[in-house]
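Chemist: Starting from the given sequences, assemble the full structure and let the hints guide the process.
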Amino acid sequence: MRSKDKKNLLYNSLLALILCLVCIVCILSVMLFLQTLEGQDSSQQTSSSQLALTGQSQSSASQESSKKEAESKPQELVKGSNHNQAASAYAYKAQDVRKLLYDPKASDKKIVFLTFDDGVNFEVTPKILDVLKAKQVPATFFVIGKTVGDKTRPLLERQIREGHAIGIHSYSHDYNRLFPGGVVDVNQVVKEVKETQASMQEVLGRDFHTAVWRYPGGHMSWKGTEELDASLKKLDVDWMDWNGMSGDAETPSARPTTPSDMLAYMEKSFYVAPDAKVRVILMHDASDKQLTIEALPHIIDYFKSQGYEFGVLT
1 MRSKDKKNLL
11 YNSLLALILC
21 LVCIVCILSV
31 MLFLQTLEGQ
41 DSSQQTSSSQ
51 LALTGQSQSS
61 ASQESSKKEA
71 ESKPQELVKG
81 SNHNQAASAY
91 AYKAQDVRKL
101 LYDPKASDKK
111 IVFLTFDDGV
121 NFEVTPKILD
131 VLKAKQVPAT
141 FFVIGKTVGD
151 KTRPLLERQI
161 REGHAIGIHS
171 YSHDYNRLFP
181 GGVVDVNQVV
191 KEVKETQASM
201 QEVLGRDFHT
211 AVWRYPGGHM
221 SWKGTEELDA
231 SLKKLDVDWM
241 DWNGMSGDAE
251 TPSARPTTPS
261 DMLAYMEKSF
271 YVAPDAKVRV
281 ILMHDASDKQ
291 LTIEALPHII
301 DYFKSQGYEF
311 GVLT
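Take the sequence shown: its position 299, counting from 1, is numbered 299 in the UniProt record's numbering, and each next residue is one higher.
No lab work stands behind these hints, which were simulated from the structure alone. Treat each hint with caution, since some may be false.
[Said to hold, decoys possible] Across the chosen pairs, the derived CB separations fall in these ranges: (1) K105 - Q306: 29 to 37 Å; (2) G181 - P297: 36 to 44 Å; (3) D174 - K99: 29 to 37 Å.
Beta carbons are placed, not taken as given, at the ideal position from N, Cα and C, and that holds for glycine.
Modeler: So, in structure tokens, the structure goes:
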């Protein structure tokens, strides 16, 4: 009996030891699981909007490779994009920026996107580019497709070379054709977006692709935009409006007449989002925009004095 009791005691001891080890493993597993959840919660607290302003998520190897390529070929077009290598450091997706336009808490970063619609224009566009170059800031040009061709090739190439981005502003800019009766003609707009994209690729190369477009008249002006937005999304194209403007497209009676008037007009236009830290400014590089050229240095100086960084839309 004593021998049997000893065996039972040994067996029970081993069983207890095994149970203790199992408990320890379970406790460690639970602790590891809780730490993982805590890490996920912490990362989720950083809003997607704020993440958008820190650039694309890349592996260390990918970031290093992109950095080296940007340093070695800064003026070269990034394949599948609308800007050059150097501009990758300050290029932001339109769909991310759009979420930040009216929410002052969405981003801690002050950034402005200067945008110009209705080009390419032989007289105004190069002068706008001259000002941007002198001030060393980038902009995004929303181009009308019918202006794209061999004659405007040098200006489009210059926009890419000097660190700007290019978007689509339809092919015709014909409201009656694009938005008959104030309603979006989805097929017509999609057709014009494709035509403009193709025209740009003929000029800038097959590696060019812009994923940002601006409605003539603005997204807010038309009915039926939801269906079009979904159709363009399938083409990897997203829309972009604005939350500030220079007033250079107002009727002559309401249009600013001096550079200081234009700056004041722009500041007043911020009422739509008075506390926003991210600004997208609507301007134009069409034929009658001499005042925009004159006011642009003052507009740039204003944002620099307010601590803004300058970005482009992609």
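Chemist: Mind checking the hinted window 29 to 37 Å against the Cβ distance between D174 and K99?
Modeler: holds (30 Å)
Chemist: Is 29 to 37 Å a correct range for the gap between the Cβ atoms of K105 and Q306?
Modeler: violated (18 Å)
Chemist: Given the hint of 36 to 44 Å, check if G181 and P297 actually sit that far apart at their C-beta atoms.
Modeler: holds (41 Å)
Of the hints listed earlier, the one the structure fails to meet is number 1.
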